[in-house]
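Protein chains: 2
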Amino acid sequence: MSESTYTVTGMTCEHCVASVTEEISEIDGVNAVAVDLPTGAVTVTSTLPVAEARIRAAVEEAGYQLAG
Amino acid sequence: MSESTYTVTGMTCEHCVASVTEEISEIDGVNAVAVDLPTGAVTVTSTLPVAEARIRAAVEEAGYQLAG
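The listed protein sequences derive, respectively, from chains A and B.
Per the numbering used here, the very first residue in the first sequence carries number 1; after that it's consecutive.
Per the numbering used here, the very first residue in the second sequence carries number 1; after that it's consecutive.
Since the hints were made in silico from the structure, they are not lab data.
From the three backbone atoms N, C-alpha and C, an ideal C-beta is built for every residue, glycine too.
Don't take every hint at face value.
[Said to hold, decoys possible] Under 10 Å between C-beta atoms, here's a sample of chain B residues computed to sit facing chain A:
#, residue
1, Y6
2, E14
3, H15
4, A53
[Stated by the list, open to error] Derived, one-sided and incomplete: chain B residues facing chain A with beta-carbon distance under 10 Å:
#, residue
5, M11
6, T12
7, C13
8, C16
9, S19
10, A34
11, A67
12, G68
With the rest of the complex left out, here is chain A (with noise of 0.2 Å):
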């Protein structure tokens, strides 16, 4: 199992966290999905470790920004 944590900008309501939550939770292997909303902080648990490349594009794909 991998835990991976990154920071995304631009969500503001509960409605951005779901958003992100359901494109990130569409990836392959991905087990779960969990989001701090004051902080941006997106907890990823999967099978197998998932390229940045993929976060990030499902984080686009939500409207949103993946920080650094």
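Please arrange chain B on chain A, whose structure you already have, making use of the hints.
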């Protein structure tokens, strides 16, 4: 045709706008809902005047508050 403008508090993003628009649009007789996110101004156009209580209920159903 009747047009009234209300102020809704708590909307932070376009998802919030969509939720409020959807709930108010479901009220009988409502033809159009226009939301200005920065100010929270919500303009409702309807065939007949709509009781403020119905607007308030729809806004609260969406998870927001009518100011005043």
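Here is how each hint holds up against the structure:
no. : hint : verdict
1   : Y6   : 20 Å, violated
2   : E14  : 8 Å, holds
3   : H15  : 3 Å, holds
4   : A53  : 25 Å, violated
5   : M11  : 8 Å, holds
6   : T12  : 4 Å, holds
7   : C13  : 5 Å, holds
8   : C16  : 6 Å, holds
9   : S19  : 7 Å, holds
10  : A34  : 19 Å, violated
11  : A67  : 18 Å, violated
12  : G68  : 22 Å, violated
Consistency note: the structure conflicts with the earlier hints numbered 1, 4, 10, 11 and 12.
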